[in-house]
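Engineer: Here are the chains, one letter per residue:
Number of protein chains: 2
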Amino acid sequence: MSAEASDPRVMGWMQGFPPPKDKIITQPDSVYFSFPRLRWSVCHLRQLLPTTEVSRGLGAPVPLTYVSAQEREREEKTIDALTFTTLDTGKTMTWEQSLAANYTDGMLIIHKGKVIYERYSGCLGPDGKHAAMSMTKSVTGLLAEILVAEGKLDPDAPVTRYVPEVAKSAFGTATVRDVMNMTTGLRYSEDYTDPNAEVWKYAEAASPLPKPAGYKGPNGYWEYLQQVKPEGKNGTEFHYKTPNADMVGWIVARVSGKSVADLASERLWRPMGAEQDAYMTVDGTGVPFAGGGLSAGLRDMGRLGMLILNEGVINGKRLFPAAAAQALRAGGDPKKFGTAYPALIGGSYAGLWWMYPGEDKVVAARGVHGQAIYVDFDADMVLVRFASMPGASNGLNDPTSLPSYRAVAAYLKER
Amino acid sequence: MSAEASDPRVMGWMQGFPPPKDKIITQPDSVYFSFPRLRWSVCHLRQLLPTTEVSRGLGAPVPLTYVSAQEREREEKTIDALTFTTLDTGKTMTWEQSLAANYTDGMLIIHKGKVIYERYSGCLGPDGKHAAMSMTKSVTGLLAEILVAEGKLDPDAPVTRYVPEVAKSAFGTATVRDVMNMTTGLRYSEDYTDPNAEVWKYAEAASPLPKPAGYKGPNGYWEYLQQVKPEGKNGTEFHYKTPNADMVGWIVARVSGKSVADLASERLWRPMGAEQDAYMTVDGTGVPFAGGGLSAGLRDMGRLGMLILNEGVINGKRLFPAAAAQALRAGGDPKKFGTAYPALIGGSYAGLWWMYPGEDKVVAARGVHGQAIYVDFDADMVLVRFASMPGASNGLNDPTSLPSYRAVAAYLKER
Numbered sequence: 001m002s003a004e005a006s007d008p009r010v011m012g013w014m015q016g017f018p019p020p021k022d023k024i025i026t027q028p029d030s031v032y033f034s035f036p037r038l039r040w041s042v043c044h045l046r047q048l049l050p051t052t053e054v055s056r057g058l059g060a061p062v063p064l065t066y067v068s069a070q071e072r073e074r075e076e077k078t079i080d081a082l083t084f085t086t087l088d089t090g091k092t093m094t095w096e097q098s099l100a101a102n103y104t105d106g107m108l109i110i111h112k113g114k115v116i117y118e119r120y121s122g123c124l125g126p127d128g129k130h131a132a133m134s135m136t137k138s139v140t141g142l143l144a145e146i147l148v149a150e151g152k153l154d155p156d157a158p159v160t161r162y163v164p165e166v167a168k169s170a171f172g173t174a175t176v177r178d179v180m181n182m183t184t185g186l187r188y189s190e191d192y193t194d195p196n197a198e199v200w201k202y203a204e205a206a207s208p209l210p211k212p213a214g215y216k217g218p219n220g221y222w223e224y225l226q227q228v229k230p231e232g233k234n235g236t237e238f239h240y241k242t243p244n245a246d247m248v249g250w251i252v253a254r255v256s257g258k259s260v261a262d263l264a265s266e267r268l269w270r271p272m273g274a275e276q277d278a279y280m281t282v283d284g285t286g287v288p289f290a291g292g293g294l295s296a297g298l299r300d301m302g303r304l305g306m307l308i309l310n311e312g313v314i315n316g317k318r319l320f321p322a323a324a325a326q327a328l329r330a331g332g333d334p335k336k337f338g339t340a341y342p343a344l345i346g347g348s349y350a351g352l353w354w355m356y357p358g359e360d361k362v363v364a365a366r367g368v369h370g371q372a373i374y375v376d377f378d379a380d381m382v383l384v385r386f387a388s389m390p391g392a393s394n395g396l397n398d399p400t401s402l403p404s405y406r407a408v409a410a411y412l413k414e415r
Numbered sequence: 001m002s003a004e005a006s007d008p009r010v011m012g013w014m015q016g017f018p019p020p021k022d023k024i025i026t027q028p029d030s031v032y033f034s035f036p037r038l039r040w041s042v043c044h045l046r047q048l049l050p051t052t053e054v055s056r057g058l059g060a061p062v063p064l065t066y067v068s069a070q071e072r073e074r075e076e077k078t079i080d081a082l083t084f085t086t087l088d089t090g091k092t093m094t095w096e097q098s099l100a101a102n103y104t105d106g107m108l109i110i111h112k113g114k115v116i117y118e119r120y121s122g123c124l125g126p127d128g129k130h131a132a133m134s135m136t137k138s139v140t141g142l143l144a145e146i147l148v149a150e151g152k153l154d155p156d157a158p159v160t161r162y163v164p165e166v167a168k169s170a171f172g173t174a175t176v177r178d179v180m181n182m183t184t185g186l187r188y189s190e191d192y193t194d195p196n197a198e199v200w201k202y203a204e205a206a207s208p209l210p211k212p213a214g215y216k217g218p219n220g221y222w223e224y225l226q227q228v229k230p231e232g233k234n235g236t237e238f239h240y241k242t243p244n245a246d247m248v249g250w251i252v253a254r255v256s257g258k259s260v261a262d263l264a265s266e267r268l269w270r271p272m273g274a275e276q277d278a279y280m281t282v283d284g285t286g287v288p289f290a291g292g293g294l295s296a297g298l299r300d301m302g303r304l305g306m307l308i309l310n311e312g313v314i315n316g317k318r319l320f321p322a323a324a325a326q327a328l329r330a331g332g333d334p335k336k337f338g339t340a341y342p343a344l345i346g347g348s349y350a351g352l353w354w355m356y357p358g359e360d361k362v363v364a365a366r367g368v369h370g371q372a373i374y375v376d377f378d379a380d381m382v383l384v385r386f387a388s389m390p391g392a393s394n395g396l397n398d399p400t401s402l403p404s405y406r407a408v409a410a411y412l413k414e415r
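If you read the sequences in order, they're chains A and B. Quick note: the first sequence uses the UniProt record's numbering, first residue 1, plus one each step. Quick note: the second sequence uses the UniProt record's numbering, first residue 1, plus one each step.
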């Protein structure tokens with residue numbers, strides 16, 4: 001089903017008072033978060049789940065800087081017409097075709113501090129919020145790197161120095177840096193196609209809905225973390241496992257005395273002049289989902305990208321030590337990265353951000369169904385993409401999205 | 001338990017990472033919304049329930065105008081020391097004592113367009129949001145009066161002209177004005193102490209949580225409304241019954257083509273320069289609770305009061321025809337008001353707002369547990385109160401709150 005045919009406005013989800021019964025999107029998540037319904041749900045998670053606010057505060061937002069309307073029109077036209085070769089089939093595709101091919105809901109490109117390209121589609125508009133999915137991890141990771149840079153969090157310390165409750169779990173032998181770089185050894189499968197994968201137990205623990213009668217499992221993210229079993233060694237290999245991000249979230253909360261949502265508000269959303277509050281889904285004990293619960297505005301994600309690109313400075317104001325962003329840019333050890341992400345082999349994962357391989361000086365946040373913040377230092381470019389692809393894995397869009405981003409970066413570098 | 005002892009910060013609800021188990025506030029609502037937990041929950045409903053946004057848009061807020069800091073300090077001191085006689089026991093009480101006696105979380109007084117008094121306590125701060133409870137009805141009612149004043153909604157038309165689905169219910173014989181003034185004849189008891197009261201069936205229908213297995217009742221507010229049985233005649237007597245407000249909400253949605261939340265954003269929150277987004281709880285089909293689901297900032301409720309006082313004008317801008325506010329000020333027929341609200345006998349209820357009796361020219365929004373917007377035309381005063389009283393009925397605070405508001409109004413008129 002194409003992006004055009006599955007557009008939530010075309011599908012008619014939740015239109016009318018009331019909508020026709022078969023157009024109502026409701027619980028359970030196996031329904032509302034399956035394609036094509038997910039194309040509506042990515043913009044409306046708060047209508048389906050309890051959430052907590054990431055407040056922008058009460059002041060006036062600081063608008064992003066834009067190139068002139070004429071210049072933007074010219075840039076958008078030029079970029080739409082850029083062509084590239086897909087990584088898998090080797091076909092030629094235009095940038096504009098790639099937007100639809102990847103079910104893009106929002107695309108923002110900031111170059112040299114000015115917005116040159118901004119498009120909305122599907123469920124999203126400038127004043128809407130979209131699920132950031134695993135880009136949430138990168139917000140959590142940035143907060144952790146800030147605490148590290150400020151000397152409040154020791155990355156070499158054992159996790160148990162901050163959270164002794166996990167002593168008997170797989171995290172009991174890990175360092176803070178192990179969890180921040182996901183080089184822990186956890187028995188945890190995120191294979192959604194395997195009904196026995198631990199991700200389902202995690203989801204059950206995390207659900208804010210009342211637990212089924214007789215439920216004996218962990219309640220909430222943090223009880224889950226305390227019983228994660230070890231598998232393999234710490235510090236040797238990168239394995240992308242979401243509980244690491246929630247472990248970082250717990251550490252961040254302990255060290256800062258604030259929930260990840262409140263700290264993200266205090267250190268990022270308020271001082272960066274955000275246009276919109278963001279929000280995070282919570283578990284049944286009120287803990288925000290540090291590994292995937294954020295929804296935010298497209299432009300505010302652009303502000304986050306600017307903070308990485310400009311090492312903590314936005315609107316002429318320093319929000320955090322440059323070292324925090326520099327740590328993300330330095331990345332992790334590519335030798336530990338493995339081969340699970342074909343398009344990224346040679347890259348690394350550190351501080352819950354992705355460092356891309358090769359000549360690109362790119363730091364990225366990534367989330368399932370096509371979410372990305374793509375910060376290209378050489379091109380002085382921040383690109384943000386919200387999307388609602390049918391499949392979860394970003395391996396499905398890397399072959400078309402990565403070369404498209406590189407094509408824009410190349411165009412901007414050449415100008 | 002006093003206001004001081006039950007202060008959520010003193011109780012320690014939801015403090016720590018994680019909080020002690022007995023300090024975690026979670027489902028079900030019979031727990032989280034019972035005193036003293038409700039003193040935390042009134043500021044955190046979105047963490048417990050799915051909600052939809054009432055967007056303030058993306059622009060800069062228009063700050064409220066304040067008297068000078070010195071003048072405000074003087075006014076606050078003077079008002080705190082005002083005394084009055086309670087309506088029930090005839091005791092003398094100071095204004096300041098009344099705040100604690102009524103478990104006040106926020107108090108804002110605007111006089112001649114300027115804030116002269118602003119206090120926060122309990123769970124609330126300037127950038128927090130608080131449950132408006134049945135003041136939500138008044139927002140819904142204002143939207144309806146706006147549509148009436150603009151000629152888009154005929155108050156004399158039968159409800160079924162707009163919502164034919166309710167033809168077989170008690171609403172089938174009612175006019176729009178009947179539901180806007182709650183002079184319908186509905187079999188519906190809101191007596192929370194009666195386990196057979198219809199309010200429980202309403203709550204079950206409205207819950208956004210998955211329905212229990214075998215549940216055969218209505219799903220959501222609007223299915224509930226379609227099966228409300230008649231009791232008594234339409235148009236003769238005021239009976240305060242929440243389904244009327246949800247019926248108005250449905251009518252408003254049909255007429256405007258927008259949900260109550262979206263229309264409140266478009267007609268009120270965006271143009272009035274609100275400082276914060278508000279939000280509304282939703283049922284399992286995404287319908288916002290027009291009868292009680294709003295949470296908002298204290299100052300934004302003050303802006304709403306200013307719109308009533310100044311007949312649709314705020315920040316020098318007309319948001320809606322003066323006739324909409326004038327209709328609320330004109331009130332309903334006091335002969336139909338009855339005796340259920342002892343402190344308000346001789347008053348009326350119209351457009352889902354309260355018109356107070358006697359010499360006061362007062363239009364008010366009221367919500368259980370002590371919520372109030374109190375607009376005094378003669379005193380050129382808007383007073384907003386958020387509170388978390390142990391008991392739901394405002395009959396419990398009228399004896400101390402109404403004379404306290406009159407004392408402030410008298411002071412302001414005399415100056």
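Calculated from the structure, these hints are not laboratory results. Do not take every clue at face value.
Calculated pairs, DMTMM-like style, for lysine to aspartate or glutamate (alpha carbon to alpha carbon, straight line, at most 20 Å) [as the list claims (entries may be wrong)]:
1. B:K114 with B:E359
2. B:K258 with A:D380
3. B:K211 with A:D29
4. A:K23 with B:E165
5. A:K216 with B:E223
6. A:K21 with B:E223
7. B:K336 with B:E96
8. B:K211 with A:D262
9. B:K216 with A:E204
10. A:K23 with B:D156
11. A:K211 with B:D22
12. A:K335 with A:E204
13. A:K112 with A:D333
14. B:K336 with B:E311
15. B:K233 with B:D127
16. B:K77 with B:E96
17. B:K21 with A:E198
18. A:K211 with B:D156
19. A:K168 with A:D127
20. A:K258 with B:D127
21. B:K211 with A:E165
22. A:K335 with A:E311
23. B:K229 with B:E266
24. A:K201 with A:D29
25. A:K211 with B:E223
26. A:K229 with A:D127
27. B:K216 with B:E198
28. A:K258 with A:E204
29. A:K21 with B:E96
30. B:K23 with A:D194
Note that the structure is predicted; figures quoted are calculated from it, not measured.
Engineer: Would you mind confirming whether the straight-line C-alpha gap from B:K336 to B:E311 stays at or under 20 Å?
Structural biologist: Roughly 26 Å separates the two Cα atoms, so the pair is violated.
Engineer: Check whether the Cα positions of A:K168 and A:D127 lie no farther apart than 20 Å.
Structural biologist: violated, 45 Å
Engineer: Taken at face value, is the distance from the CA of A:D29 to the CA of B:K211 at most 20 Å?
Structural biologist: holds, 15 Å
Engineer: Would you mind confirming whether the straight-line C-alpha gap from B:K23 to A:D194 stays at or under 20 Å?
Structural biologist: Roughly 37 Å separates the two Cα atoms, so the pair is violated.
Engineer: For the pair supplied as a hint, A:K211 and B:D156, is the alpha-carbon distance within the 20 Å limit?
Structural biologist: Violated, at roughly 48 Å.
Engineer: B:K211 and A:D262: Cα distance at most 20 Å?
Structural biologist: violated, 32 Å
Engineer: Has the given pair, B:K216 with B:E198, been kept, meaning a C-alpha gap of at most 20 Å?
Structural biologist: Given pair B:K216, B:E198 holds - Cα atoms ~15 Å apart, limit 20 Å.
Engineer: Quick one, are B:K258 and A:D380 close enough, alpha carbons at most 20 Å?
Structural biologist: violated, 42 Å
Engineer: Is it true that the CA of A:K21 sits at most 20 Å from the CA of B:E96?
Structural biologist: violated, 52 Å
Engineer: When you check the alpha-carbon spacing of A:K335 and A:E311, does it fall within 20 Å?
Structural biologist: violated, 26 Å
Engineer: Just to be careful, I want the Cα atoms of A:K211 and B:E223 compared with a cutoff of 20 Å; is the pair within it?
Structural biologist: Violated - the C-alpha atoms of B:E223 and A:K211 are around 27 Å apart, more than 20 Å.
Engineer: Given the hinted pair B:K216 and A:E204, is their alpha-carbon gap at most 20 Å?
Structural biologist: Violated, at roughly 26 Å.
The structure fails hints 1, 2, 5, 7, 8, 9, 10, 12, 13, 14, 15, 17, 18, 19, 21, 22, 23, 25, 26, 28, 29 and 30 (numbered hints given earlier, in ascending order).
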